[in-house]
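> Could you put the whole structure together from the sequences, leaning on the hints where they help?
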Amino acid sequence: MDDHLNVVELRGITKQFPGVLANDQVDFTLRSGEIHALLGENGAGKSTLVNILTGLYRPDKGTIRVNGEVVDLRSPRDAIDNGIGMVHQHFMLVPTQTVTENILLGLDEPRFNMNLSHYDQIISDLGVQYGLQVDPRARIWQLSVGEQQRVEILKMLYRGANVLIMDEPTAVLAPQEIQELFITLRSMIAEGKSIIFISHKLDEVMAIADRITVLRKGKLSAEGLLVKDITKQDLAREMVGRDVLFQLNKVEQTPGDTVLAVEGLKAINNKGIQALRGLSLHVAAGEIVGVAGVAGNGQTELAEAITGLRPITEGRVIVHGQTLIEGNLSGQRRSSHVRQVIDAGVSHIPEDRTHVGTAPNLSITDNLIMKGYRQPPIARGWSIDSLSANTQAETLREAYDIMAPTVNTPARLLSGGNLQRLILAREISCEPKLMIAMQPTRGLDVGAIESVQRLLLQQRENGAAILLISEELEELSSLSDRIYVIYEGEIMGEVKEADPETLGLMMTGTRQEDLVEARKVSQ
Amino acid sequence: MTTKPSLLAQYRNGARFRLRMEPRMEQPGWLGLIVSLGAVTFALVLGGFVLMLVGGDPIRAYAFMAKAAFGDIGVFSDTLVKATPLILVSLAAVVAFRMRLWNIGAEGQFYLGAFGASLVVLTPLLPPETSPWLMIPAMMVMGMLAGALWGFIPGYLKAKYNVNEIISTLMMNYIAVAWNNYFIFDVWSEGGFQMSRQFPKTAWLPRLTDYAAQVPVFRGLTIHLGFVIALIAAGVVWWIMYRSRWGYEIRLIGDNPRAARYAGINIVRNTILVMMLSGALAGLGGMLEISGVVHRLQGAISSGYGFTGIIIAWLAKLNPILVVPISILFGGLLLAGREIQPSGIPMLIQGIILVCLIGSDFLFRNRIRLVRVGQEA
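Just so you know, the protein sequences line up as chains H and R, in that order. Those letters in the first sequence? Residues 83 to 605, per our numbering, in order. Those letters in the second sequence? Residues 191 to 567, per our numbering, in order.
Among the hints, a few may not be true.
Claimed, not checked - Ranges between beta-carbon positions, derived for each pair: (1) R:Arg-559 / H:Leu-138: 15 to 23 Å; (2) R:Val-545 / H:Gly-94: 45 to 53 Å; (3) H:Asn-410 / R:Arg-559: 57 to 65 Å; (4) H:Asp-434 / R:Arg-559: 49 to 57 Å; (5) H:Leu-138 / R:Leu-544: 30 to 38 Å; (6) H:Ser-497 / R:Phe-207: 46 to 54 Å; (7) R:Gly-382 / H:Gly-463: 48 to 56 Å; (8) R:Ile-224 / H:Arg-268: 56 to 64 Å.
Claimed, not checked - Within a straight-line C-alpha distance of at most 30 Å, the following computed BS3-like cross-link-like pairs (lysine-lysine) qualify: (9) R:Lys-350 / H:Lys-453; (10) H:Lys-515 / H:Lys-314; (11) H:Lys-453 / R:Lys-507; (12) H:Lys-283 / H:Lys-299; (13) H:Lys-314 / H:Lys-301; (14) H:Lys-301 / H:Lys-283; (15) H:Lys-578 / H:Lys-348; (16) H:Lys-332 / H:Lys-348; (17) H:Lys-332 / H:Lys-283; (18) R:Lys-507 / H:Lys-348; (19) H:Lys-348 / H:Lys-283; (20) H:Lys-353 / R:Lys-507.
It should be emphasised that the hints constitute simulated quantities derived from the structure, not laboratory data. Positions of the beta carbon are idealized from the N, C-alpha and C atoms, including for glycine.
Pasting the structure below:
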């Protein structure tokens, strides 16, 4: 291997944190002009490694070479001076300022007099060069998430980054935006940049990377595998340390009575725009029904409307033949609906685990009793039986494998996977008749995804009706008995067997009845 | 693995060290007490230097202050009298702050509570010869109702129209004072003085000194039944907060309102109810003060208790039980302060203690470690 081809070379990186060996003798090389994926479960040490490379942490042992020379990176500024730039998963942009202003923020030039139009031109040229078109005069809040990400990338390119570290760049993007990002990444490679791509999504990594390095529990599990030589199964094994079943055991069973019926649902979103336009669907007992769609087509509003969190202007939500929510045109918020829905045996796995699903500073116990504190044995008259609450919490912690020192630990100290298990434990333990699951596996690693999906299938076998709203097509097709496709607040159609092409067409707004014609046209 | 040489040995070998702070993952219960005690000690040492600077003898000054507040049973009784209204207004703040309702109107609710209690005696709703067994409870109920009303208004405005409660409760403090002034300057004024006539004995909370005839030791002890009521109130608030379903809802809303809504909790109703409970507690404080100490309605019944209560609530980390000892400490400071100097040094020492206590919160949340330069982990 020619040394000069390695833009970045990490050798024997070791980093000890109190109680954890975050990196143990990790080697990593980035060749010029490649996309090298860094793969690993949550807590495998990916973040520590890139934080060392961007100067946020200093390694206990090991050397860092950039373009063949040993460097000492003491701060992010040192890193960028060496041409290493990082695009964070959560953007660091000022919403009210323009693209150009954000890119120039913190730089020495321009000084007092900002000749903005001059810089607008430079940034616009830079965008054209790398296929990162974005209006330099637009304000950040006006941009889509994908465009904001481009601004982050441009920021690094403008600062002279030669090596770009992308931290889970697809986590916030819609499927088409991911495709656009991939095109951009390839064009940057063509321009001579090198990219470290951090992810735990196997499909994406297989699609974009040239080589893959896998970390497991702080150690190197596989270094620099060529993508063309390996399979997804191999990667999953390297990540988790055991074989992962991508084929879930789904028992054949005939659905029972209709549990949820939604009729002509209309609702508006937070911006006052019609988000649901007369949507109807139904779910039967013992059935998982998927809702597929590109993010932002009314999925969030649908879940909120069914669970009573969002007022509906028209239509009805019927659970077990009983009309729980009826639209009224004033669209007034009635919190009593949420209670009614909960009391009707509907559980809800919300999209936003930290902001909706849990209370961060309350204990695990307090979080687990959120739905059950009104009924005995936890409720005892006006008071809460803390003894039985704790017993129940202990049982659930065991059964759902929530990793925490005690049930009194505040929820904010739990990792994403554990938080999701806490929510599932709460929502499943009340033996729901109907479950609204919104993106239940988002942001989880392979092992956790598998366990969440198993839990859902188990609920299906127990005869629960499950409405699964997800953006992961693969997950939808492996779990669901039927799949509805949602587009701009309407159902485009319903399929039993998902084939990506049909789904794709419907997800972009073709109605099922028009599909045949659309095919003809495309041929 | 080789064992690490001790820090001292490393230092002798020329290693450089620096202090590093990191957030604490866990905050054990005893830590709060230790840190707070440490902060108070530190504040007293600091205050001692200032005393020396102005030519005083810090040891003597402190001894005098301690004696003035806690020295004998007589002054300690006075300290507890001072602590009584502080406990109630602090509990009022604790209840509201738990739900992140920034009720800074305890001062006004305190005044209104005094007014409500006075209504019973001065209107009079009950004749002066009514048995204290009826009179006192009636005054308590009216005081709490009036305080609750003063909490209901901003609570309703907040819940229905999202009116900022900080502004509304603050403004309503002024209204409450002016409202009381109207009555003491005009309606209930006694011979043109800016105070009402004295309440009949039946409206007085029993004091220990009232039993001096039977138990001579009680002579001069002004502590009244209100202190016991305040202790009971602290216990009740603790029970509500940590043992009741309602308290669970309050804590859940306070920590994450979106999660509370998702759990089917009625936030509008709770906002109003919590503001009313908060107002009722402060109102009870006002009732106890006029029925137990001043025995009439007059101006300046509170020396900013409502605002001191906010500080106490924070120092107690919103723990209703901790409110009690901290209120007693502040009661003692109020009392001892006046003994040595009308203003000046006592205010200064109070200020230093406050700053240190607030600053110590940092040590409670973070820990400081000595690390070797270049080996930071």
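> Hints first: check each against the structure and report whether it holds.
Going through the hints against the structure:
1. R:Arg-559 / H:Leu-138: 15 to 23 Å: Holds, since Arg-559 of chain R and Leu-138 of chain H (Cβ atoms, about 19 Å apart) stay within the stated range.
2. R:Val-545 / H:Gly-94: 45 to 53 Å: At 49 Å between Cβs, range holds.
3. H:Asn-410 / R:Arg-559: 57 to 65 Å: holds (59 Å)
4. H:Asp-434 / R:Arg-559: 49 to 57 Å: violated (35 Å)
5. H:Leu-138 / R:Leu-544: 30 to 38 Å: holds (37 Å)
6. H:Ser-497 / R:Phe-207: 46 to 54 Å: This hint is violated: roughly 33 Å between Cβ atoms.
7. R:Gly-382 / H:Gly-463: 48 to 56 Å: holds (54 Å)
8. R:Ile-224 / H:Arg-268: 56 to 64 Å: Holds: the Cβ-Cβ distance is about 59 Å, inside 56 to 64 Å.
9. R:Lys-350 / H:Lys-453: Roughly 25 Å separates the two Cα atoms, so the pair holds.
10. H:Lys-515 / H:Lys-314: Given that 30 Å is the threshold and the Cα spacing comes to 36 Å, the pair is violated.
11. H:Lys-453 / R:Lys-507: Roughly 27 Å separates the two Cα atoms, so the pair holds.
12. H:Lys-283 / H:Lys-299: Satisfied, since the Cα-Cα distance of roughly 17 Å is no more than 30 Å.
13. H:Lys-314 / H:Lys-301: Holds: Lys-314 of chain H and Lys-301 of chain H sit about 20 Å apart, inside 30 Å.
14. H:Lys-301 / H:Lys-283: holds (19 Å)
15. H:Lys-578 / H:Lys-348: At roughly 25 Å apart (the allowed maximum being 30 Å), Lys-348 of chain H and Lys-578 of chain H satisfy the hint.
16. H:Lys-332 / H:Lys-348: Given that 30 Å is the threshold and the Cα spacing comes to 34 Å, the pair is violated.
17. H:Lys-332 / H:Lys-283: holds (23 Å)
18. R:Lys-507 / H:Lys-348: Not satisfied, since the Cα-Cα distance of roughly 46 Å exceeds 30 Å.
19. H:Lys-348 / H:Lys-283: violated (35 Å)
20. H:Lys-353 / R:Lys-507: violated (38 Å)
Consistency with the previously given hints fails for numbers 4, 6, 10, 16, 18, 19, 20, ordered from lowest to highest.
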